[in-house]
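Take the sequences, apply the hints, and build the full model.
The lines below spell out each chain.
Number of protein chains: 2
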Amino acid sequence: MCGTDIASAPVNKNSSLPSSNGLPSVNATRTSTPTLHPHSFINLEQGDPTVFESYWKKMGDKCTVVIKGSDLLSYMTDLSNVCWFMLPELRDAIERLHRVVGNAVTDGKYIVVGTGSTQLFQAALFALSSPDNAQPLSVVAAAPYYSEYPEEVDYLRSGLYKWAGDAHVFDKDGGAYIEVVTSPNNPDGSLREPVVKGGKGKLIHDLAYYWPHYTPINHMADYNIMNFTLSKCTGHAGSRIGWAIVKDKEVAKKMTRFIQMSSIGVSRESQRRAAKIMEVICESYENVMHMRSDKFFDHSKAVMTERWDKLKKVVEQSEVFSLENYPKSCCYFTGEITETQPAFAWLKSKNGIDDCESCLRGLKILSRGGIRFGADPKYARLSMLSREDQFNEFLRRLSNVRGISNGH
Amino acid sequence: MCGTDIASAPVNKNSSLPSSNGLPSVNATRTSTPTLHPHSFINLEQGDPTVFESYWKKMGDKCTVVIKGSDLLSYMTDLSNVCWFMLPELRDAIERLHRVVGNAVTDGKYIVVGTGSTQLFQAALFALSSPDNAQPLSVVAAAPYYSEYPEEVDYLRSGLYKWAGDAHVFDKDGGAYIEVVTSPNNPDGSLREPVVKGGKGKLIHDLAYYWPHYTPINHMADYNIMNFTLSKCTGHAGSRIGWAIVKDKEVAKKMTRFIQMSSIGVSRESQRRAAKIMEVICESYENVMHMRSDKFFDHSKAVMTERWDKLKKVVEQSEVFSLENYPKSCCYFTGEITETQPAFAWLKSKNGIDDCESCLRGLKILSRGGIRFGADPKYARLSMLSREDQFNEFLRRLSNVRGISNGH
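Chains A and B supply the protein sequences, listed in that same order.
Anchor point for the first sequence: position 332 equals 332 in the UniProt record's numbering, and the numbering is continuous, going up by one each time.
Anchor point for the second sequence: position 154 equals 154 in the UniProt record's numbering, and the numbering is continuous, going up by one each time.
Derived from the structure by calculation, the hints contain no laboratory data.
Note that this is a predicted model, so its numbers are computed, not measured.
Please note that the accuracy of each hint is not assured.
Said to hold, decoys possible - Between beta-carbon pairs, the in silico distance windows are: (1) Lys68(A) / Asn392(B): 23 to 31 angstroms; (2) Asp132(B) / Glu283(A): 51 to 59 angstroms; (3) Asp171(A) / Asp132(B): 27 to 35 angstroms; (4) His37(B) / Asn224(A): 39 to 47 angstroms; (5) Glu306(A) / Met291(B): 55 to 63 angstroms.
Said to hold, decoys possible - Just some of the chain B residues that point at chain A, by a computed CB distance under 10 angstroms: (6) Tyr55; (7) Cys63; (8) Leu73; (9) Thr106; (10) Gln122; (11) Tyr223; (12) Asn224; (13) Ser231; (14) Arg272; (15) Lys276.
Unchecked claim - Heads up, simulated DSS-like pairs for lysine-lysine below, C-alpha to C-alpha not over 30 angstroms straight-line: (16) Lys276(A) / Lys253(B); (17) Lys58(B) / Lys276(A); (18) Lys200(B) / Lys253(B); (19) Lys202(A) / Lys62(B); (20) Lys172(B) / Lys202(B); (21) Lys295(A) / Lys57(A); (22) Lys253(B) / Lys364(A).
Glycine included, each C-beta is placed from N, C-alpha and C at the ideal position.
As structure tokens, then:
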């Protein structure tokens with residue numbers, strides 16, 4: 001069955017998004033009212049974090065924000081801060097959240113808010129490069145790397161920096177470079193350190209998934225540039241809020257400058273809402289009266305654990321697919337020995353099936369194939385953050401393939 | 001007095017914004033609580049539209065938006081639309097607003113939302129250029145042009161496009177080009193058409209100021225790419241909402257693609273609020289029961305008229321400064337013969353004063369000098385959109401210079 005039935009995918013003719021572009025072009029009109037037909041495609045190609053919606057619904061009005069017509073008019077917010085367009089309440093909430101979780105050092109550092117961490121990644125490239133360089137800086141990441149990095153680096157054909165591929169095979173004597181270290185990694189969930197050794201490279205740490213629901217918090221991250229995003233932390237992807245924790249003031253200034261040139265700052269409405277959401281999460285952990293199941297990271301960790309347990313059981317019985325293994329370690333936040341349970345499954349096809357994405361497409365499951373991540377097409381990435389009905393249908397279809405596979 | 005006392009400007013040591021950068025670095029800590037001391041600087045360098053705050057305060061809860069914790073989580077909004085991250089309610093509100101005002105044709109066109117019109121301008125450059133071109137496209141605008149265009153075009157040293165300066169002196173035989181037509185123009189308020197004649201250039205129309213409070217609405221704009229921004233229309237600069245009305249579907253797709261690569265879409269909170277504000281404005285014009293002074297464009301036009309009348313009187317009596325003259329024409333929206341009353345004053349120094357910006361700085365008034373706009377330093381641009389107390393103090397200081405000038 002694998003590798004067939006691709007032509008029937010109901011590609012959205014209006015969308016500007018070919019399916020290779022990292023955001024969906026199939027099986028949806030308005031996503032606010034999803035329908036799940038047994039014969040329709042399940043889209044797990046993106047990491048759209050809709051799994052968290054039910055939790056926020058349960059929270060009712062706790063995180064509701066009310067914005068009047070006369071609020072937040074100015075371009076300027078806090079001119080005493082390097083990042084002059086950041087709401088002080090958001091900066092305070094970000095610092096408080098990292099103190100509560102214990103995942104990153106903010107003391108003595110600068111925080112820069114961005115329109116998602118996508119904008120901050122590009123701001124960091126700009127800040128670390130210079131128009132005085134004779135050659136564009138090489139930007140590398142160890143394969144499998146986040147599929148969007150190559151195009152985010154190269155789409156404007158910048159003379160400041162250029163994508164140079166897999167860090168494992170990068171020749172550090174070839175000149176100055178930036179290595180992006182994504183940990184836990186997207187797509188495969190591995191915990192990472194820089195790969196290029198002995199070079200004079202600069203580092204950007206993408207810590208989008210360094211939160212207790214995805215991985216044990218076993219150290220306080222303390223790097224030069226650390227990018228985070230609300231999308232993966234709380235699930236509020238539509239808000240487009242990311243933040244960078246930056247050691248060097250001049251780098252923070254240049255990142256701020258990039259965001260000024262790119263969009264003259266970041267939505268104040270989103271900033272206010274992000275601050276409110278973070279405050280409510282922190283309050284629940286600082287106040288011992290709160291029920292554990294009401295606390296965001298406890299709830300979401302339990303959801304991820306349940307999903308991973310279910311998926312592992314299905315895959316264990318499969319003759320077609322296999323999964324990565326993750327080490328266990330002590331999470332200082334939960335006080336428990338736990339395993340990484342990534343936001344994506346990095347599925348590998350076996351038994352002579354060379355194209356995992358096509359195989360899944362035959363099951364009407366949309367994934368993103370390994371080639372996009374600089375990896376083997378035997379791999380495919382699937383979101384673990386879909387809505388409940390989608391996830392269960394995904395498991396059902398994956399279970400069926402065993403029968404089909406046995407039958408052939 | 002002019003040209004002195006510059007060194008005393010209290011430059012903000014923390015900010016990443018040198019005063020030459022288009023956003024303020026002086027005379028403020030948190031702008032939400034402005035203080036105006038007779039000896040402090042008045043910052044009219046930016047076009048921060050805080051003049052409209054008092055109107056929105058008067059409107060009370062009419063435009064209040066309430067956003068729950070579980071709202072707007074997904075990256076995806078409306079996959080049936082080319083601009084898949086745009087809220088349908090915002091698209092509807094934009095179309096309704098242009099119908100009510102009659103300033104631009106939206107029928108049969110595509111709308112792309114951006115993080116302010118700054119992002120949309122760059123999206124348009126990306127959409128109109130191609131990596132297949134041997135040379136980067138030249139981007140030109142007739143001087144005096146918006147001071148940020150050169151850096152917005154060049155800051156990433158793109159191989160797709162490059163700033164090529166004043167359209168008046170551009171050699172169209174030098175290759176493909178894009179001309180930006182800003183009308184009414186920033187900084188000088190002039191009404192504009194393309195300047196490069198007979199070339200095979202592509203056009204981007206920046207219509208940020210084509211609204212009834214700034215200029216008579218005397219035609220329905222109907223160009224290939226028309227950029228608008230909430231900042232200048234309603235004063236909600238902090239929301240970072242802009243929109244482009246685009247004739248060609250492939251161009252709209254490429255612009256959408258740019259915004260995906262740049263920031264994976266646009267804040268949903270800001271979109272929802274922008275839609276609400278536009279709806280309230282439209283409702284006031286569609287419902288005959290509303291008082292005229294309660295209607296946004298009537299109110300804001302009256303404010304601009306009053307400010308311009310006051311400024312003209314002060315400048316008429318000045319031996320140091322002069323102003324542009326603007327033609328009158330019939331505004332189809334108000335039904336009145338009116339004059340352009342721009343968001344900026346384009347002040348010219350006379351009687352041997354060669355540097356208008358320095359002269360104003362001597363009066364502790366911060367402006368942006370002509371050189372930044374590709375023009376003579378005898379000119380300076382000053383915001384007409386400041387808060388009331390700032391505007392009145394600006395007039396007071398400008399009046400004083402006459403006495404001083406006479407005394408010397």
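Against the structure, the hints come out as follows:
no. : hint                                      : in the structure
1   : Lys68(A) / Asn392(B): 23 to 31 angstroms  : 26 angstroms, holds
2   : Asp132(B) / Glu283(A): 51 to 59 angstroms : 54 angstroms, holds
3   : Asp171(A) / Asp132(B): 27 to 35 angstroms : 29 angstroms, holds
4   : His37(B) / Asn224(A): 39 to 47 angstroms  : 40 angstroms, holds
5   : Glu306(A) / Met291(B): 55 to 63 angstroms : 58 angstroms, holds
6   : Tyr55                                     : 8 angstroms, holds
7   : Cys63                                     : 3 angstroms, holds
8   : Leu73                                     : 5 angstroms, holds
9   : Thr106                                    : 17 angstroms, violated
10  : Gln122                                    : 7 angstroms, holds
11  : Tyr223                                    : 21 angstroms, violated
12  : Asn224                                    : 17 angstroms, violated
13  : Ser231                                    : 7 angstroms, holds
14  : Arg272                                    : 8 angstroms, holds
15  : Lys276                                    : 8 angstroms, holds
16  : Lys276(A) / Lys253(B)                     : 34 angstroms, violated
17  : Lys58(B) / Lys276(A)                      : 26 angstroms, holds
18  : Lys200(B) / Lys253(B)                     : 22 angstroms, holds
19  : Lys202(A) / Lys62(B)                      : 50 angstroms, violated
20  : Lys172(B) / Lys202(B)                     : 12 angstroms, holds
21  : Lys295(A) / Lys57(A)                      : 13 angstroms, holds
22  : Lys253(B) / Lys364(A)                     : 27 angstroms, holds
The structure is inconsistent with the numbered hints 9, 11, 12, 16 and 19, although it conforms to all the rest.
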